[in-house]
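This is what each chain is made of:
Number of protein chains: 2
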Amino acid sequence: MKITAIAERVVPIKSDIRNAFIDFSQMTVSVVGIRSDILRDGKPLIGYGFNSNGRYSQSGLLRERFIPRLLHAPPAALLTDDGASFDPAKAWDIMMANEKPGGHGERSVAVGVLDMALWDLVAKIEGLPLYRLLGHRYRGGAVDEDVFVYAAGGYYYPGKDLGALQDEVKSYLDMGYNTVKIKIGGASLAEDCRRIEAALAVLGEAAALAVDANGRFSLKQALAYAEALEAYDLFWYEEPGDPLDYRLNAALASVTSLPLATGENLFSTIDAQNLIHYGGLRPERDFLQMDPVLSYGLVEYLRTLDMLAEHGWSARGCIPHGGHQFALHIAAGLGLYGNESYPHVFQPFGGFGDDIPVRDGRIQPPQTPGIGMELKADLLPELERLFD
Amino acid sequence: MKITAIAERVVPIKSDIRNAFIDFSQMTVSVVGIRSDILRDGKPLIGYGFNSNGRYSQSGLLRERFIPRLLHAPPAALLTDDGASFDPAKAWDIMMANEKPGGHGERSVAVGVLDMALWDLVAKIEGLPLYRLLGHRYRGGAVDEDVFVYAAGGYYYPGKDLGALQDEVKSYLDMGYNTVKIKIGGASLAEDCRRIEAALAVLGEAAALAVDANGRFSLKQALAYAEALEAYDLFWYEEPGDPLDYRLNAALASVTSLPLATGENLFSTIDAQNLIHYGGLRPERDFLQMDPVLSYGLVEYLRTLDMLAEHGWSARGCIPHGGHQFALHIAAGLGLYGNESYPHVFQPFGGFGDDIPVRDGRIQPPQTPGIGMELKADLLPELERLFD
Chain A
1 MKITAIAERV VPIKSDIRNA FIDFSQMTVS VVGIRSDILR DGKPLIGYGF NSNGRYSQSG
61 LLRERFIPRL LHAPPAALLT DDGASFDPAK AWDIMMANEK PGGHGERSVA VGVLDMALWD
121 LVAKIEGLPL YRLLGHRYRG GAVDEDVFVY AAGGYYYPGK DLGALQDEVK SYLDMGYNTV
181 KIKIGGASLA EDCRRIEAAL AVLGEAAALA VDANGRFSLK QALAYAEALE AYDLFWYEEP
241 GDPLDYRLNA ALASVTSLPL ATGENLFSTI DAQNLIHYGG LRPERDFLQM DPVLSYGLVE
301 YLRTLDMLAE HGWSARGCIP HGGHQFALHI AAGLGLYGNE SYPHVFQPFG GFGDDIPVRD
361 GRIQPPQTPG IGMELKADLL PELERLFD
Chain B
1 MKITAIAERV VPIKSDIRNA FIDFSQMTVS VVGIRSDILR DGKPLIGYGF NSNGRYSQSG
61 LLRERFIPRL LHAPPAALLT DDGASFDPAK AWDIMMANEK PGGHGERSVA VGVLDMALWD
121 LVAKIEGLPL YRLLGHRYRG GAVDEDVFVY AAGGYYYPGK DLGALQDEVK SYLDMGYNTV
181 KIKIGGASLA EDCRRIEAAL AVLGEAAALA VDANGRFSLK QALAYAEALE AYDLFWYEEP
241 GDPLDYRLNA ALASVTSLPL ATGENLFSTI DAQNLIHYGG LRPERDFLQM DPVLSYGLVE
301 YLRTLDMLAE HGWSARGCIP HGGHQFALHI AAGLGLYGNE SYPHVFQPFG GFGDDIPVRD
361 GRIQPPQTPG IGMELKADLL PELERLFD
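In order, the protein sequences belong to chains A and B.
Under our numbering, the first residue of the first sequence carries the number 1, and numbering increases by one thereafter.
Under our numbering, the first residue of the second sequence carries the number 1, and numbering increases by one thereafter.
Any given hint could turn out to be false.
You can't tell identical chains apart in this list, so a pair holds if it fits in one copy or across any two.
Only pairs whose alpha carbons sit at most 25 Å apart, straight line, appear in this in silico BS3-like list of lysine-lysine [what the hints assert, rightly or not]: (1) 2 <-> 43; (2) 100 <-> 90; (3) 100 <-> 220; (4) 220 <-> 2; (5) 170 <-> 220; (6) 170 <-> 100.
Treat the hints as calculated values from the structure; they're not laboratory data.
Please model the entire structure based on the sequences and the hints provided.
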């Protein structure tokens, strides 16, 4: 059993979106395929991966470092001890050989893309949807058959008014979501309060609203927003300050009753551990959003979950950034709180199976072997193009 | 005044070196040239930059993100308000547009390479050696006319015995160094103690020895080494644990009298701030080794020095990783403690001016305008090749 080829392409995400920090219109994504010599129905099994939005394609790092390391490894070094499948943990060690500790960014995305492809391949070899494979390996066979998902949107668009925001929020309710997230921090506090009130008016009693500052605020601003936001019954207040400013986070957590959510811009287990040590988060109330694909893949995310368990956090405190099927399988298989979703944006990568609806804010993972990326009609051509 | 072209090449560092963590034989460096429309002696002024060793070339990030952002910026946006020169701080903001906070690695190196080239260009435009320009701007004209440098070596080589280690240490003394650093953690504690004793036997009373674990140790190992190392009069004990494991560092600092040194794998001001907040370092005893080129360049390093000053650290507590002329100018211009040097390795990038000797462990920066990379005969062809 061996890898016969690894293909990589860069695909742009076309978007008019901006949040408090970035303009997504220049954003790119790396898509990879890892082709094996295992035949199913006469065709080689291929695992696919891509990176979550918000960071960029990692073409150079993939082509110069991480793909060559996998291709140059002795084939047996990538396999489980019994030789029956590929071993993503062994592949991880090979990819990270000769990499110094510290400085976790970009390369963590490149490794995460290849890690996704390896898990897709492994689940296909075992003939299982990835979430079932994860449940068998790590939860004694238990899985969640559906997963909480929330609709992340409410971006600032040029010319977008409160009515347009309300139309957007309503569209998420119509799609079956009952929790919606909107951006804050790209306007004044007064204007953001009007946006929050407009969104809450649409959501009513039955649905919930989270807000996301994308790491923009100083401590003073974060506290001022917290004071104002406590007037509303919010699902959470996300990334108020710089994601690495643990002291700001701890100060805020010490004074606000609002649930806090953060972690999507921490890209390693040790960074997440620092958040837990120093960030003042409250396991019974707050949420952790580390994104497996941006942070060295599921192999590292499993280490992060172990670290969290040692510090009294359950997997139910985790709801990853990402908004794609890989994160959905991880949530269902490992028993996370849920998963982010970007209903109208980051296509064709975001979202879940085309024929799988959101019901009461929950969604089922696809039942096909692997991750099920091939079930998304608009994503399939991007995958097929890899080995053309 | 404008940038007319930016060229970028990848150059391998050929080396048999390994430390406790990595094998350098696959290491690559990005070299860039930023060409301006300013003519001197009929030729356009060019600023050059390259990345410090230990991390890899960032060709993909440079070509896909950071070089295009500089080239697509309106030319005036890169200039000082009076239009008389380029402004590295404005260029920094342009390079980092649409980059999310957090995840500081790789891109911090790409930005650092371009930042070095911009400072080289700015100093050439002003006709000053970079250290004098920095002294004028940031120290009221004061500069250090020579800088403490120490010889970092003592790597593990296949087949290298204690005699070879002693020969190496002696070669540094012969070159004029009086402080030498060797690696630890790639052998047993007993073997490392024999290596330390062998090195100290050569160094004698007049010279000093530092040791570097390259982030390899667990807390238990770090403490065991500390206990053993206290038997020797060491210059410092470097990077005992994971560079982001502030708790380990704080625990160690609370029990050891050895000076500690760390920071070369922290690549942003906010990461350095977390080290200061949580790492338990002692300003009167310990050393900070953040590398300007690996961590978003001198523009960010100036912010790091400001942050350090707010926390009671002087620039004299800083001795950057890097081992090249850019770091030497920064040390001389900003009044750092000194600068690392890699006498026999990382060529042609490491080291200082060919005709400038180390005397009593100190060295003078070159007196030519800019950084003076052109004064290294073996580096010059790499620079000239950029625009061939």
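Open item on the list: Of the numbered hints stated earlier in the document, which are not met by this structure?
Closed with: As far as the earlier hints go, 4, 5 and 6 are violated by this structure, in ascending order.
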